[in-house]
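The chain contents come next:
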Amino acid sequence: MDRSIAIRADGVSKRFAVHTRKATSLKERLVARRHADERPFYALTDVTLAIEAGHTVGLIGANGSGKSTLLKVLAGILRPTTGTVDARGRIASLLELGAGFNGELSGRENVYLNASLLGLTRRETDRLFDSIVDFAELGESIDNPVKHYSSGMYVRLGFAVAVHVDPDILLVDEVLAVGDEAFARKCLGQISQFQTEGRTILFVSHALDLVETICDRGVVLDHGSVIYDGDPAYATGTLRGLLGTDRNPADDAGTPGLTIGGITVAGEAGEPARDEFVGGDPMAVRIVLDVREDVVGSCHELAAVVMGAGGLPVWVMRVTPDGGLPRLPGRWTVDFVTECPPVHGGFRIAVRVADAAGTTIGAAQGGQTFWVRTGKQGGLVDVPFQVKAEGVEW
Amino acid sequence: MALTEIAEDRARTQTRVRWELLRNLIRKDLKVKYQGSALGFLWSLANPLLLLVVYTFVFQLVLRSGIPAFGFYLLSGLLVWNAFAGAVGAATGAVVGNAGLVKKVRFPLVVLPLTPVGFTAVHFLLQLLVLVVVMLATGYTHLLSPHLLLAVPALGVAMLFTVALCFLVSALNVRYRDTQHIVEIALMAGFWINPIVYSVALVREHLHGGWLYDLYYLNPMAGVVTAMQSALYGQNPTLPGGQGALADPGYLFYLERLGIGGLISGALLLLGMRVYARLSADFAEEL
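Chains R and E supply the protein sequences, listed in that same order.
The letter at position 343 of the first sequence is residue 343 when you use the numbering used here, and the numbering goes up by one with no holes.
The letter at position 153 of the second sequence is residue 153 when you use the numbering used here, and the numbering goes up by one with no holes.
Calculated from the structure, these hints are not laboratory results.
Treat the numbers as computed from the prediction; the structure is a model and nothing was measured.
The C-beta atom is built at its ideal place from N, Cα and C for all residues, glycine as well.
Errors might be hidden in some of the hints.
What the hints assert, rightly or not - In silico BS3-like cross-links for lysine-lysine, where the CA-CA straight-line distance does not exceed 27 Å:
no. : chain 1 : residue 1 : chain 2 : residue 2
1   : R       : Lys147    : E       : Lys31
2   : R       : Lys147    : E       : Lys33
3   : R       : Lys388    : E       : Lys104
4   : E       : Lys33     : E       : Lys104
5   : E       : Lys104    : R       : Lys186
6   : E       : Lys31     : E       : Lys103
7   : E       : Lys104    : R       : Lys147
8   : E       : Lys31     : E       : Lys104
9   : E       : Lys33     : E       : Lys103
10  : R       : Lys186    : R       : Lys147
Stated by the list, open to error - Reference listing, derived: stretches of chain R covered by chain E, where coverage requires no fewer than 3 residues with Cβ under 8 Å from a Cβ of chain E:
no. : segment
11  : 101–109
12  : 120–128
Assemble the whole structure, with the sequences as input and the hints as a guide.
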């Protein structure tokens, strides 16, 4: 294995036997014969993923896309049906905070028990104990039975133990969503400390904004396969497109007299659609709509809204009858010709037709996400700048 | 440090971590069991003492088994049987009962069936201590003979057999939940098959001491129980039928049976560990 790779999955598939009736008893197995009512279900299909040491990777996907299964396979909890998993270094998996805590025991006893489950010796735990209690902000409560803890105290203690295991690779499954904001901030602080220490983090989350912020790579799973692997902003854009959460259902409302037939993003007006642009490229957005005679009079404005991550409107292009919008019933073809702005990310287009009072009378969304890449500076927007710097010798 | 030394050092650390984990889990089970009870540990000592009184009354005065100091005879075999049965019974649910842990945390799964073994071993040793103290306090001097040394190989075989079965049943119960019912019935049957509440002389008499009697000892616990009776009970009174209450007055008989039992247990242990290793890879999936 390449030295720079911390954890690697190679052609990993995971098949689960789905029992239509749960047949776990001997009699049922004998009576039902072999596999008679088993229907194989592939939670993962041929997943290949190599994560370099020191990277933070966000693993995203819809519910049931195989994220947790992949995490468990990487953590060594589940055995892959085919394929191999290699890891270099100590893995800590945070699949559930405080898994293995016993309510009857005190926090102190649970810390020792949990730490030894995660692979620490007693001496190591002795050394880390104060720091763990400190991190969990438990103070005197550490000697109370865990069953009397609030859920916040519980997850703080679970997280505190897990991060003190000193992992080289941290696998995190949606555990940051459980506590309050202060806890979430603390966890994120710990994660960014791990990042600066060069540890490898694989992070499963439904908080897509968080993935965009803290990850340097995004992997999208869909029905057990990796469908995108790369820039986190593109990854979340892909997932949003998949989930349809970049659409606002209210936007599809309208009047029967007006049908938006097509939205195409291309380099030049009339060219076939294109889905990748570099900031500064010529860009043409073509909107085709059918307008019946009874609504023609009320068509006061057509707006094309270019939306980025989370449905955020990034820029809007409008046209009114005075600006050239046709006044005749029939099929309209409207081209907005522009230059692609240097804004990094994945975008979709929403079209809205409004009457003079501003009420929406027709709306639709473009089906295809298009990507805009910017220059090499990084960041959301590429802003031209000049540099002037000088040094004075001491 | 050379690379091989580092690897060895790491392996040693890993082994130490496993033993510490096992110790912590046993300690947890003990703590949880006695949490909140005022007398705590004393309860598990009271249990055999109560048995001593009840069984002495029933078998010596009511049923007249003909075995003198019947309570001591009984406990000599019963304590080790109870430890065995308790460990195997608890091990059956050891993996299934920790489903939450198995599915969420990667840790050496091998500790799960061993935890009930350690837990019952602690109880057994304390109960044994109480029995010995009571025997000495009541002036039961038969205990103090070289026969007492038989307890060492007997407990060794008992431990081996227990661990072997614990591996087997804990793993099998994940896939086939019938295991727990089979184990329950088998342990119940085992209690009566082994000469615990009666003398092995009855078995010998019925099987005429021939090859069937040898077959009887293929059950390792028969050797363990009779050896413990020789070790602790220590006397060989003549029963009304003219036979001695113990299996044999000497040593060799027990050592032979324990040797066979040890071999059988060893083979079972290898089998159990293989089965456990194979099935444990899919525990997280099957639970």
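message: If you test the structure against every hint from before, which numbers come out violated?
response: 3
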